[in-house]
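**Student:** So the sequence lines, in the order shown, correspond to chains V and H.
Going by my numbering, the first residue of the first sequence is number 5, and it counts up by one from there.
Going by my numbering, the first residue of the second sequence is number 217, and it counts up by one from there.
Here are some chain H residues the structure puts well away from chain V; computed CB gaps all over 10 Å:
#1 Ala253
#2 Arg263
#3 Ile324
#4 Ser354
#5 Tyr395
#6 Tyr412
For lysine-lysine, the following BS3-like pairs were computed, each having C-alpha atoms within a straight-line distance of at most 30 Å:
#7 H:Lys481 <-> V:Lys99
#8 H:Lys521 <-> V:Lys121
#9 V:Lys29 <-> V:Lys99
#10 V:Lys35 <-> V:Lys71
#11 H:Lys481 <-> V:Lys121
#12 H:Lys481 <-> H:Lys521
#13 V:Lys71 <-> V:Lys121
#14 H:Lys457 <-> H:Lys481
#15 V:Lys99 <-> V:Lys71
Computed from the model, here is a short list of chain H residues facing chain V with C-beta under 8 Å:
#16 Leu370
#17 Arg371
#18 Ala372
#19 Ser374
#20 Gly375
#21 Ala379
#22 Glu404
Hints are computed from structural coordinates only; laboratory data are not their basis.
In this text, a Cβ means the ideal position worked out from N, Cα and C, and glycines have one as well.
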Amino acid sequence: MTSQTIVLVEDNPDDEALTLRAFEKSNIRNKVVVLRDGAEALAYLFPDNGDGAPRPGLILLDLNLPKVGGLEVLRRMQTDERTRLIPVVVLTSSKLDEDILDSYRSGANAYVRKPVKFSDFAEAVRALGVFWLLLNEPAPSPAPESD
Amino acid sequence: MIELASLTDGMCVALMEAASDAMVCVAADGRVVQVNAQAERLFGYEREELIGQPVEILVPDTARAVHPGYRAGYIADPRHRPMGAGGPLAGRRRDASTFPAEISLSAIDTDEGILIAAAIRDVTAQLRARDLERSSQSLESFIYSVSHDLRAPLRALSGYSGALLEDYGEILGAEGRGYAERIAAASEQMGQLIDYLLQVSRISRAELRLQPVDLGEEAARIAEELQRREPGRHVCFTIAKHVQALADRRLIRTVLQNLLDNAWKFTSGRDDASIEFGTAPSGDAALCCYVRDNGAGFDPAYADKLFQPFQRLHAARDFPATGTGTGLASVRQIVERHGGQAWAESAVGAGATFYFTLDGKETA
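One chain only, chain H, in its complex shape (with noise of 0.2 Å):
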């Protein structure tokens, strides 16, 4: 065993217990000369265990065998560098199980002869995250286009059903012509879902551009839209103006459409009907906005049901004219996406107040 002042004084020992990764010095011939605790604790020994054994111990059986020539190749040649050109890394722990690795590698120069100190990393975690991101990924486009492949059979029921109706309805009577405009209605509601899910793993899938965007115009710009589709209603809008937000353009217009969109559908039955947008204290969120109207209102005990997707499809029978019940869906998507939250307020028939926080920072 290689006694080295260096390496036993203090202040080294020191700040090898500071690295953040668990160290190993490894002398000319394979023996460790020192760990961290960090490196204790990866691998399950006691500093006094390792302390002269060969390194190997630390190897993987797998990768045993040809270690010491890695080892006699890289003190032929030893720059700084991470380990692992010939695959993926692994580190043995003391029972002999093994945990995927990242090891960089540095010389260093001592009157006793060359010394080898590796960081060593374990990287379960990363690896993890990656593939959970690969695979939320490949079902994000498994989902796009099995959505998109089940719109062809979709016009084929719709489409054939409505030919029925059109060139046979005569023959088919009341109530064959009723059978055949369910099968319309159900591949009319089907293709809404299906709308639906390609929109998620649109947004899902969509990079985020963000950029300075006037909430307030844009949601000026939307109430106009609505009154210019239905001049004969009276909707008294209140908007703030100059609400600048960090938002991408295209899906924070999405948010506002369908909480406005929302807003003026439920206030349908009313002659007063107001609907402001504005802001609201935002707490740790750089902006909170909200959307109030003054329309019929929800029970507040389904006030978080209304942000999940089809929520509004399952009363399709009582409120056949209210959309497909994924616009609030879309908003608390989008909306995260931003680092945001969405939730909302209300009493039945007292109106309703939607909430939106963004986390981008403000750029007035």
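So that you can see chain V by itself, here it is in the shape it has in the complex (with noise of 0.2 Å):
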């Protein structure tokens, strides 16, 4: 596995250590920042210095987060071209059509709604992790801006 870093932005710590060893358990060794708020997320994703930004390879998005939702860093990302690119997974408990739909619309790369049953969520994390660190060919890193 590539040693991308993946973000997991997740207010539940129940759902939070659930994952972390589900991604253990599949032997995901990379390295998992977890942020528990989307202002957390932004603060994270966009740091003050401007230049050090983090590109991780694959970011974990909850819909229903403290402060900024998940939509909001959704569409923050969107909008600057250091983020832009960056697989983002909504991993949420919503089924509902309106999230799922705006969650696409505000540039997600794809939707899973948390199973319940243990094995599917383990499963769940092991095969977002399988696919996007390792089968997925991420967008190459955008050219340096020249001046």
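Join the two chains, each given in its own frame, into one complex according to the hints.
**Tutor:** Set out below in structure tokens:
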């Protein structure tokens, strides 16, 4: 597996623990950065110094988040060249048509409803990791802006 | 009191009587000139008691003081219009009780001056229906958000009991593993219940998009899919062609899916399984369809219970593989949303027939 960082934006500590465990059990050893609300996610993706913006290989994003919601995070990412091409998978409880539509419209690359059943949940996390970090060919880094 | 030939004239009174609303005619000075029988009934007065009285006796105490001012305002600009720009209106009955009202005003020019004709309607029932509709809508969205929120702790229950089994199964021993498995199974069952709640609220909130649907075509497609999923089974499907209905395609597909799934499931014990989709005489309804199988059937004593949600779940211990017990409840809910009915006929061992009617016009 590649060395890319996974970002997990999740406010529920149980879901966080189960997701991390599922990565571990599937031998996905990538570094996982856990951010617990949308504001933390934005602060991570758009650091004040501007230059050292991280470019994770995958973002797993919950929708219902404290402070700044997942959709807002998606929209902000779309407006910035540095974050526009980072794969984002919405991982949420919601099955509402409007949430699914809004996510895709805001730039999500995939939408997965968190399964309730333990084995399904673990399998979903494993499959996401394998697909996005191993099978999927990410967009090449944008060329550095010339002066 | 103003005597008006035009109003006491039989024809004019007859016109007032013919109105479905209560009518009260008031002179410019605010005295009641004429009322119809509907007004007598609505306010609880005899006609003679009202005529000549200030119309304010029909106005609730709280609005009585301001009413003459409104009246003067209307006479200054007497256009036909609904009353109540200032808020909800009410009428006062003889017994001092009040009722919510809709009132529209017209001005009639006469030799004796202007007359105001008020048509008054008691809207208690409409308001009650609206309140009911509102509270049922808020109940629906409450159910939605609650069942949604319940999924998060449920994932933790299922997740940690699963993790316990995986990581510490050895240490737990057989009895401990059994307990953890029960937690996992119970949380899975609860997940199905929650999914059903979500489905119920979704079906009742969904807007019905009626369009012509060929139910025979839909049934054939579902049958093919069932066959494909279990190619080892030999089931004889007989499916009527060109069964045109006016229905919401997505919802009616769920109905057929559930009925055919059931038929498929309960004929699994037979080598000569047969499943039939067809139409029956529809009586008052536009269309009556049935799904018939020659499978296990059921005791007719429970024919109606079948359509209640979770009936199957109560027997989950005996029939662990038969699903959540919510399929037929959804069938009934969807069919009833289409103005139809769903019922079943059977005898143990003699197969079952599930009927549903649709109210939408046939669009053949």
